[in-house]
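Chemist: Take the given structure of chain A and dock chain B to it, following the hints.
Which chain is which? The protein sequence lines are A and B, in order.
Position one of the first sequence corresponds to residue 1 (our numbering), numbered consecutively onward.
Position one of the second sequence corresponds to residue 1 (our numbering), numbered consecutively onward.
To be clear, the hints were calculated from the coordinates, so they are not data collected in a lab.
Since this is a predicted model, take the numbers as computed values, not measurements.
Please note: incorrect hints may appear among the correct ones.
[Claimed, not checked] Some, not all, of what chain A presents toward chain B, calculated at C-beta under 10 angstroms: (1) LEU22; (2) MET78; (3) ASP81; (4) SER132; (5) ILE133; (6) GLN176; (7) LEU179; (8) PRO180; (9) LYS207.
[Unchecked claim] Taking lysine to aspartate or glutamate and the EDC-like style, the derived pairs with C-alpha atoms no more than 16 angstroms apart in a straight line are: (10) B:LYS131 / B:ASP37; (11) B:LYS203 / A:ASP181; (12) A:LYS136 / B:ASP106; (13) B:LYS154 / B:ASP45; (14) A:LYS83 / A:GLU27; (15) B:LYS154 / B:GLU132; (16) A:LYS280 / A:GLU255; (17) B:LYS125 / B:ASP106; (18) B:LYS160 / B:ASP37; (19) B:LYS150 / A:GLU155; (20) B:LYS150 / A:GLU248; (21) A:LYS136 / B:ASP37; (22) B:LYS41 / B:GLU162; (23) A:LYS58 / A:ASP243; (24) A:LYS280 / A:GLU248.
[Unchecked claim] One side of the interface only, derived from the structure: several residues of chain A facing chain B at Cβ under 7 angstroms: (25) ILE30; (26) ILE71; (27) ILE72; (28) ALA178; (29) GLY261.
For every residue, glycine included, the Cβ atom is placed at its ideal position computed from N, Cα and C.
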Amino acid sequence: MEEQKNSSLAEPWHRKEMFEPLHGKAESRIDAILLLIREASTNLPGDVISSLSVQKTKESDGSQAQRALGIILENIEMAYDAKTPICQDTGTNIFHVHYPIGTSTITLRNEITQAVRRATELGYLRPNSVDSITGKNSGDNTGIGLPSLYFHEWENEHLEIKLMLKGGGCENVGTQYALPDSRLGAGRDLAGVKKVVLDAVLQAQGKGCSPGILGVGIGGDRVSGALLAKEQLFRKLEDQSPDPMLAEAEAEMLEKSNQLGIGPMGFGGATTLLSVKMAKMHRIPASYFVSTSYMCWASRRKTLVFNNDNTYIIE
Amino acid sequence: MKQTITINPPGITEEQIRSLKRGDMVSISGIILTGRDTAHKYIKDNFLHEEIPEAERETYEGLKKFLQGGILFHVGPVVLHDSNGQPYITAAGPTTSIREEPYEYDVIKHFGVRAVIGKGGMGEKTLSACKEFGAVYLHAIGGAAAYTAKSIRKVHGNFKPEFGTPEAFWILEIENLECVVTMDAHGESLHADILQSSNNAAKELIGGIH
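Here chain A stands alone, though its shape is the one from the complex (with noise of 0.2 angstroms):
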């Protein structure tokens, strides 16, 4: 029985490859930005796949649940293989760059811009950014906002380049509560903060692509709560809160998540969620915020490290 269902289907992790850091010295900056966008596209991150490769032996032999996580994995191995796109909808494409004392932020929104444009020639990103109102693609994924660039200077001596490439799928079903909430019987402490939790991913469905990972953000703003949210899906599945009781809580609202039996796809199953990943923020005293961003299970992130001398590391 064992044995039947590690030989079913692709099993990705037999291709180390897939899971080693991309290294090398790029001709330029832009083309190490293109680089990291084809391998946020192609690859995804070895420790989701790992995941994704474990819950399969979770799911029920002959199960719809176990069938769609065995096209999944068979799908990332496909899309690795052939340089396209894991997923058609490439997405918001943020990036998170810390850039070090002296380099022009201009020029870096400059090339990351040129970067976005050339990975859409190449088909390594869909056409995906469209005028609000009248609906015309820009076709080259620039536009009013697009791509989605947040800077941050920092002491080091290198430039660091996250991306993430987040689906409309799953981030149509990110949502916000203020607390209380009373049709959920949720107060102003982590109890309620769980309450709303479990409510979102229950309000999900497989409609954000389950099996996903759920970033959370307790407090802030509107905006920065949200933001926060976003930000924890950058973390890797195996990280949990430094805080120990939200490190409690992620495991706690992870495992009543898989509870709830939406599945795969929400055909039904042991695995709605791979990870929850929380975190906290001050507030003020009248705004008690709990924001959620889901990650469908094509948790596209890759870092960029890019040192003087042109040399780089992407995983």
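Modeler: This is chain B only, laid out in the frame that chain A set:
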């Protein structure tokens, strides 16, 4: 697992669709049409009234050829062109179908669409159209873009390219695209069942948090 049932669009019969049950596996080979948000709004704005605008008549007749007894696939593909200018598709997983819920009943009714492919399922109005007119909802694997694209043999052009690549109606020749019937023509929906069972589980779990 159950045996996989083959269907060949266009030209699918009502009888064949009514024989399908929730949970059945189907394998699709034939010609299908893609369409998502802009496509559905366009159909509603132009074709669901008494008069078809003269400027849109040619598109209407073209769409009808593939939709009558045919399949509408909710997808926004990645399309590249080879050195001869021929389009080909590298990534084409299903998009979230529930966004088309306000339109799908009328689209199924008007064109006699026999199946919709997507992900995440659809609501009561679409389920009632499936029952009334003889149609099913077929679930593909969300995000499995390379896997799904493998079933696309050829791209036979499109309608309304001005909608942009993801939103245009693409005419696709497909072979052995496997899907699960999650909403059938007898009023059964896997999505409604999972919603209910997970709702019940959530009530208990949320009630137990103090």
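Chemist: The structure should be examined with respect to each hint, and the outcome stated for every one.
Modeler: Status of the hints after comparison with the structure:
Of the supplied interface hints, the one on LEU22 (chain A) is violated, with its beta-carbon coming no nearer than about 19 angstroms to a beta-carbon of chain B, more than 10 angstroms. Contact between MET78 (chain A) and chain B, as hinted, is supported at the beta carbon level, the nearest pair being about 4 angstroms apart and thus within 10 angstroms. Residue-level restraint check for ASP81 (chain A) holds (minimum Cβ-Cβ distance to chain B is 9 angstroms; threshold 10 angstroms). The interface hint given for SER132 (chain A) is broken, as the beta carbon of that residue sits about 13 angstroms from the closest beta carbon of chain B, more than 10 angstroms.
With a cut of 10 angstroms, the hint placing ILE133 (chain A) at the interface with chain B is violated, because the nearest CB-to-CB distance is about 13 angstroms. Annotation: interface hint on GLN176 (chain A) violated; nearest CB of chain B at approximately 18 angstroms, more than 10 angstroms. The criterion of a C-beta within 10 angstroms of any C-beta in chain B is not met by LEU179 (chain A), whose closest approach is roughly 13 angstroms, and the hint is violated. The interface hint given for PRO180 (chain A) is broken, as the beta carbon of that residue sits about 14 angstroms from the closest beta carbon of chain B, more than 10 angstroms.
Restraint check, LYS207 (chain A) versus chain B: the minimum CB separation of about 4 angstroms is within 10 angstroms; hint holds. Annotation: proposed proximity of LYS131 (chain B) to ASP37 (chain B) is violated, straight-line Cα distance about 23 angstroms (limit 16 angstroms). About 15 angstroms separates the Cα atoms of LYS203 (chain B) and ASP181 (chain A), which keeps this hinted pair within 16 angstroms; it holds. The hinted pair formed by LYS136 (chain A) and ASP106 (chain B) fails the criterion: a straight-line CA distance of about 25 angstroms is larger than 16 angstroms.
Distance hint between LYS154 (chain B) and ASP45 (chain B) is unfulfilled; the C-alpha atoms sit about 30 angstroms from each other, more than 16 angstroms. For the proposed pair LYS83 (chain A) and GLU27 (chain A), the alpha carbon gap of about 21 angstroms is over 16 angstroms, so the pair is violated. A threshold of 16 angstroms between alpha carbons decides the hint, and for LYS154 (chain B) with GLU132 (chain B) the separation of about 33 angstroms lies outside it, so the pair is violated. Between LYS280 (chain A) and GLU255 (chain A) the alpha-carbon distance is near 20 angstroms, which puts this suggested pair outside the 16 angstroms criterion.
With a C-alpha separation of about 10 angstroms, the suggested pairing of LYS125 (chain B) with ASP106 (chain B) holds against the 16 angstroms cut-off. Proximity of LYS160 (chain B) to ASP37 (chain B) is assessed by CA-CA distance (about 13 angstroms); at most 16 angstroms being required, the pair is judged to hold. Only pairs whose Cα atoms come within 16 angstroms are accepted, and LYS150 (chain B) paired with GLU155 (chain A) is rejected, the gap being roughly 47 angstroms. About 43 angstroms separates the Cα atoms of LYS150 (chain B) and GLU248 (chain A), which puts this hinted pair outside 16 angstroms; it is violated.
Note on LYS136 (chain A) and ASP37 (chain B): the hinted pairing holds, with a Cα-Cα distance of about 13 angstroms set against a maximum of 16 angstroms. A threshold of 16 angstroms between alpha carbons decides the hint, and for LYS41 (chain B) with GLU162 (chain B) the separation of about 14 angstroms falls inside it, so the pair holds. This hinted pair does not check out: LYS58 (chain A) and ASP243 (chain A) have alpha carbons roughly 29 angstroms apart, beyond 16 angstroms. At most 16 angstroms may separate the alpha-carbon atoms for a hinted pair to count; LYS280 (chain A) and GLU248 (chain A) meet this at roughly 14 angstroms.
At about 21 angstroms, the closest approach between the beta carbon of ILE30 (chain A) and any beta carbon in chain B exceeds 7 angstroms, and the interface hint on this residue is violated. Because the beta carbon of ILE71 (chain A) sits about 5 angstroms from the nearest beta carbon in chain B, less than 7 angstroms, this interface hint is met. The closest approach between the C-beta of ILE72 (chain A) and any C-beta of chain B is roughly 6 angstroms, which is under the 7 angstroms cut-off, so the hint is satisfied. Interface restraint check: ALA178 (chain A) against chain B, minimum CB-CB distance 17 angstroms, threshold 7 angstroms, status violated.
Interface hint status for GLY261 (chain A): upheld, as the beta-carbon distance to the closest one in chain B is roughly 6 angstroms, under 7 angstroms.
In this structure, the earlier hints numbered 1, 4, 5, 6, 7, 8, 10, 12, 13, 14, 15, 16, 19, 20, 23, 25 and 28 are contradicted, and the remaining ones agree with it.
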